[in-house]
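Colleague: Heads up: the sequence lines are chains A and B, in that order.
Going by my numbering, the first sequence opens with residue 1, and the numbers climb by one from there.
Going by my numbering, the second sequence opens with residue 1, and the numbers climb by one from there.
Treat the hints loosely; a few may be bogus.
[Claimed, not checked] Far from chain B, by Cβ distances over 12 angstroms, these chain A residues were calculated: (1) Pro14; (2) Arg16; (3) Thr59; (4) Trp128; (5) Pro140; (6) Thr146; (7) Leu188; (8) Met193; (9) Ser283.
[To be verified] These stretches of chain A come out as covered by chain B in the derived footprint (C-beta under 8 angstroms, 3 or more residues): (10) 68-79; (11) 152-164; (12) 287-294.
If you are wondering where the hints come from, they were derived from the structure by calculation, not from laboratory data.
We treat Cβ as the ideally placed atom computed from N, Cα and C, and that holds for glycine.
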Amino acid sequence: MRRSAFRRSRGDVPFRVASIGAGIVLLAIMAAIGVFLVVKAIPALQANTSNFLTEKIWTPNATEPKFGIAALAFGTVLGSFLALIIATPVAIGVALFISHYAPRRLAAVLGYVVDLLAAVPSVVYGLWGVAFLVPFMRGPSEFLNTYFAWIPLFGGDQVVGKSMLTASIVLAIMILPIIAAISREVFLQAPKMQEEAALALGATRWEMIRMSVLPFGRPGIISAAMLGLGRAMGETIAVALILPATFGISFQILGPNGNSIAANIANGFGEATTIGRGALIASGLVLFLITLVVNMGARLIIARRKEFARAA
Amino acid sequence: MTTVQTGIQPISTSRRVKDRVVQALVYLAFAIAVVPLLSVLWLVVKNGLARFDLEFLTHSMRNIGARDAGGGAYHAIIGTLEQVLLASLIAVPIGLLTAVYLVEYGAGGRLARWISFFVDVMTGVPSVVSGLFVLAFWVLALGMPFSGFAGAMALSILMMPVVVRSAEEMLRLVPNDLREASYALGVPKWRTIVKVVLPTAFTGIVTGVMLAVARVAGETAPLLLTVFFTDSINNDPFSGPQMGLPLYVFDQAGRPTDTAIDRAWTGALTLILIVMLLNLVARLIAWWRSPAKRG
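Model the full structure from these sequences, guided by the hints.
Modeller: Here it is as structure tokens:
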């Protein structure tokens with residue numbers, strides 16, 4: 001389409017330049033985040049007397065700085081995957097409830113109620129987690145440890161409330177509204193004709209959903225889950241308040257193990273020296289890269305699956 | 001009695017049972033999602049009301065000893081309001097103009113695709129990373145002090161992609177007929193955007209901005225790394241450490257005394273009230289300006 005057909009006004013060029021400029025500022029900020037994190041991490045990495053990628057200990061403030069990302073990265077990935085496993089089925093159920101089960105008039109209000117979960121600040125979840133969920137989880141954790149210890153995750157000799165499992169449950173609650181909101185939007189866009197055709201052929205409501213809504217919504221669910229995963233990985237304060245902040249690698253999610261990159265930044269920043277700050281920035285860079293990969297992966301999956309969804 | 005053969009068979013029991021089971025699971029999922037919300041709200045209100053008094057809202061923590069009762073969050077409330085306002089002043093113009101570029105100018109071009117991609121990536125930037133960035137860039141590289149403004153910059157990075165996405169969505173909803181009608185009258189493109197497109201999308205954009213504000217108002221991690229701590233009132237966001245309400249809750253929750261825990265709960269209650277109020281205002285604006293009501 002040619003736009004030269006109408007006369008250019010004097011205000012057009014500045015407005016256009018301003019809008020392009022704003023977009024470029026956004027790109028510049030993203031680049032600057034990467035650049036400045038790298039620049040400020042390098043001195044600390046050079047002072048490190050240990051291998052940053054394989055070391056588990058985190059003592060950057062010592063005279064011989066020794067720190068590594070291994071245990072922190074492991075905790076971050078384990079915790080957020082557990083949260084994802086807990087949250088996704090519930091979120092899909094919630095999304096289906098609002099899009100296809102709830103009475104039409106109530107649906108908007110109930111959707112707003114779920115959105116409120118996202119409006120609660122993370123520090124409040126942290127406070128709630130410490131005051132309520134940590135003591136509450138001791139019983140169920142003992143139960144899991146007694147009867148399901150043959151599953152490696154629930155094994156171990158020590159069972160505590162401040163565990164990886166508790167942190168994952170709080171994370172799951174925090175990412176549930178995001179996954180539910182995106183899935184709900186996708187389910188609502190499922191082609192009405194297909195749904196009605198399925199019902200007209202005698203399908204029950206579940207069969208209709210399985211045949212027309214879920215196949216259509218699959219890329220949406222996957223992208224929602226990946227975004228939730230990214231959110232869980234970067235979540236800081238709630239996890240910092242709940243996790244015991246140890247530096248080991250263990251799959252025993254009921255025991256006093258667990259830490260995450262973000263929680264370590266929040267806990268360690270107060271007493272960090274110059275090298276300590278650099279070390280935290282280096283760990284933040286790793287977190288940034290992991291979430292970048294997860295988010296880009298989500299986008300690639302959507303881009304590839306979208307064609308199937310459209311073809312179907 | 002004769003039976004009429006219609007060809008329609010009753011739904012078999014197994015299919016009906018499966019349908020009912022799924023329905024029960026879906027209802028259960030919703031119940032599971034609501035339980036934590038109710039639990040959080042109940043505990044915050046119950047424990048928060050104990051200290052929700054005039055002293056809490058009008059006093060800072062200055063000269064409050066480790067074991068003292070009393071003290072308040074006035075300094076934190078002031079800090080949060082200033083930081084969020086500054087963050088909006090930075091993020092809203094940039095976000096809105098970017099959305100205008102994506103929808104009105106860039107449509108499908110290479111630069112627009114890049115920007116759109118990185119807006120999505122930016123949505124996934126963890127809040128603690130934006131705080132670390134401001135720390136590395138503003139405090140460590142430029143040598144500027146910790147301040148409320150540094151916190152506002154970190155918050156604005158988190159706000160921008162949300163503003164862009166919601167504004168973009170709203171601008172795309174504006175019917176092309178309106179734009180074409182305006183062009184046909186000889187109105188230049190930028191005036192069409194300012195006078196026709198933006199007013200039409202205004203409600204949605206304001207709602208999106210308010211929701212973005214509500215989201216960053218509760219962020220703790222970026223503040224922790226950029227505004228530092230203070231127990232005193234600091235009205236100037238450009239110099240000296242400030243406090244923020246989320247940071248206040250985190251700080252008090254980490255202290256070992258019961259009086260501090262009480263203050264943490266009341267801080268949480270205040271924070272939730274502010275965030276919910278912003279949410280409510282956003283919805284009210286959406287309702288007040290909605291075409292259905294004007295129609």
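Colleague: Is the claim that A/Leu188 lies outside the interface with chain B correct, judged by CB distances over 12 angstroms?
Modeller: Fine: 14 angstroms to the nearest Cβ keeps A/Leu188 off the interface.
Colleague: Three residues minimum, CB to CB under 8 angstroms: does the segment 287-294 of chain A make the cut for coverage by chain B? Let me know.
Modeller: holds (count 5)
Colleague: Confirm or reject the statement that A/Met193 sits farther than 12 angstroms, beta carbon to beta carbon, from all of chain B.
Modeller: Consistent with the label, A/Met193 stays out of reach of chain B, its closest Cβ about 21 angstroms off (over 12 angstroms).
Colleague: Is it correct that the beta-carbon of A/Trp128 has no partner in chain B closer than or equal to 12 angstroms?
Modeller: violated, 5 angstroms
Colleague: A/Pro14: least C-beta distance to chain B exceeds 12 angstroms?
Modeller: violated, 8 angstroms
Colleague: Holds or violated: is the Cβ of A/Thr59 farther than 12 angstroms from all Cβ atoms of chain B?
Modeller: holds, 20 angstroms
Colleague: Counting residues of the segment 152-164 of chain A with a beta carbon closer than 8 angstroms to any beta carbon of chain B, are there 3 or more?
Modeller: violated (count 0)
Colleague: Mind verifying the non-interface call on A/Pro140? Its CB should be farther than 12 angstroms from each CB in chain B.
Modeller: holds, 14 angstroms
Colleague: Would the non-interface assignment of A/Arg16 survive a Cβ cutoff of 12 angstroms against chain B?
Modeller: With a cut-off of 12 angstroms, A/Arg16 comes too close to chain B, as the shortest Cβ separation is near 6 angstroms.
Colleague: Please verify the coverage claim for the segment 68-79 of chain A: does it have three or more residues whose C-beta sits within 8 angstroms of some C-beta in chain B?
Modeller: With 0 residues close enough to chain B, the hint is violated.
Colleague: Taking the shortest Cβ-to-Cβ distance between A/Ser283 and chain B, state whether it exceeds 12 angstroms.
Modeller: Violated, since 9 angstroms does not exceed 12 angstroms.
Colleague: Does A/Thr146 clear chain B by more than 12 angstroms, comparing its Cβ with all Cβ atoms of that chain?
Modeller: holds, 24 angstroms
Against the hints set out earlier in the document, violations occur for numbers 1, 2, 4, 9, 10 and 11.
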